[in-house]
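Trainee: All letters in the sequence shown, in the order written, are residues 1 to 483 by this note's numbering.
Just so you know, the hints here were simulated from the structure itself, not pulled from any lab data. For every residue, glycine included, the Cβ atom is placed at its ideal position computed from N, Cα and C. Just to be clear, a hint being listed does not mean it is correct.
Claimed, not checked - Cβ pair distances, simulated, as ranges:
id: 1; residue 1: L477; residue 2: Q337; range: 54 to 60 Å
id: 2; residue 1: L64; residue 2: P196; range: 47 to 53 Å
id: 3; residue 1: E231; residue 2: V449; range: 38 to 44 Å
id: 4; residue 1: V250; residue 2: R189; range: 26 to 32 Å
id: 5; residue 1: L173; residue 2: A467; range: 25 to 31 Å
id: 6; residue 1: A185; residue 2: A335; range: 38 to 44 Å
id: 7; residue 1: L109; residue 2: A174; range: 31 to 37 Å
id: 8; residue 1: A387; residue 2: Q337; range: 30 to 36 Å
id: 9; residue 1: Y68; residue 2: A467; range: 38 to 44 Å
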Amino acid sequence: MALAPLCVAVARTARRSAPRGPRPFLLGLVTGLVLFAGTVSWTSDVLAMFGGLNAALAWLLAGLLIGYLAIYPALFSLALTEALVRGGTRALMLAPAIWVGTEWLRGTLLTGFPWVLLGYSQSDTLAPLQAASVVGIYGVSGLVALPSTAIALLVVPDRQASRARLALAAACLAVVGMVVAWGAARLGRAELLAGPTTRVALVQGNVPQGQKWDPAYRDAILERYTLLTAEAARAGADLVVWPESSTPFVFGRDAVYTEIMRARLVAAGVPVVFGSDEVVGPSEFYNAAFVMDGRGEIRGSYRKMQLVPFGEYIPVRRVLFFADSLVEGFSDFSAGQRLTLLPVGDHKLSVAVCYEAVFPALAREAVRQGSQLLATITNDAWYGTSAAPYQHFQQARVRAVENGRYLVRAANTGISGVVDPYGRVVVQSPLFETGTWTADVRWLDGRTVYTRVGDTVAWACMLVTVALLALPWAERLRRRRRA
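Construct all of the structure, not just a fragment, from the sequences and the given hints.
Mentor: Take a look at the structure:
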């Protein structure tokens, strides 16, 4: 119901004599500032602590990010105003579609930032979350927006028949009720899907960010990971997963430590998926994932494609040259060029590295290419005890429901965990604890509706939104031509 106040305010504005003034934009902008100040303000701490910035500059950059993200709710208000001016109060029925359209734009434009989408509010409410298997997370956002639409229809005064508005509000709630009932039924009859079983151990090294690349801690970090792996293998693990950038050296480039690691993992005798930086030539630096089999052979690798803007690279560097010093506090990576599945025995898994887990299209494409298990590896030590590690885990969790796959997640400082194809958490680690967390998963081959059709609903909503935003411009252009 969080959108109800904005929908009501926009609807009241649309009834004014000059509805297309700055007021709708400002209403949406203020809503966006409140929304994102409450959900991504942790970026200031990351920039200050690890970007080498003073607190004032860190807050300024975080504020710029929040301001940019707030533009999308402002666009929602503009598009909804246009719909209301043309269609009356009944056009509030378009509010969920317009919201989804602006979320899709936010998740796509300028490399995209699909963080804290409205649908993620249901990641712990599994009945409505089942809709993600059909319409994806963007569709779930639309579902969540329906009760707000119903409230706005009932609250906003209108000359139209109250029965009509009541019927539309009832229709909104009926759709939500039917989807929730269907989701509950799906959970009620949920069974273990057919597929070979593998016991996966997730290693959480809990290495402080300040120690990860300090040579003084290199031996201790490698020993921690290899000892935990050996213990997991003795306990019956068939596959071990390490976090992002878990090796305290560049795998393959540092020959001595690469061979030490290889020898220890051969002794453990279990396949290991691990994250490491990869250097190719003089200037290509990748954030990569590898899989090493029990004989010490590298069976495959994947290079992260969706890099974090200003954390792993500078977008439009020629324009934003002044930000180079910021990336030096993190890393300056090259983007991988293709999605690669990693073989484990006769099976295949896909890896999303850190930020990639919040991009639904990546996981969907991996499953379309044959991924039987979703893995995500991350280093969330940057975020401390802020909301970010919890947000990140909950968002990754939805990829399992969308694609009908188990998801395994290894995080340096947590949250590590295993999620089943219905979004149920099988095992979950606390933050800042060292250890291994183990669960049985299945290699699966089926495809959900969402895997087959993708973000078709989001695309349609985006087209509606863009059309509404473009209408005033088109009319002005037409008037100028006539003049």
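Trainee: Each hint should be assessed against the structure and marked as holding or not.
Mentor: Verification of the hints:
1. With their beta carbons about 40 Å apart, L477 and Q337 fall outside the hinted range of 54 to 60 Å.
2. Under the hint 47 to 53 Å, the C-beta atoms of L64 and P196, about 49 Å apart, fit the expected range.
3. At about 41 Å, the CB distance of E231 to V449 agrees with the hint of 38 to 44 Å.
4. Taking the beta carbon of each, V250 and R189 are about 49 Å apart, not inside 26 to 32 Å as hinted.
5. At about 27 Å, the CB distance of L173 to A467 agrees with the hint of 25 to 31 Å.
6. Restraint check, A185 to A335: a C-beta distance of roughly 42 Å satisfies the suggested window 38 to 44 Å.
7. In this structure, L109 and A174 meet the distance hint of 31 to 37 Å, their C-beta atoms being roughly 34 Å apart.
8. Roughly 33 Å separates the CB atoms of A387 and Q337, a value that falls within the hinted 30 to 36 Å.
9. Range check, Y68 to A467: Cβ separation about 23 Å, and the 38 to 44 Å hint is violated.
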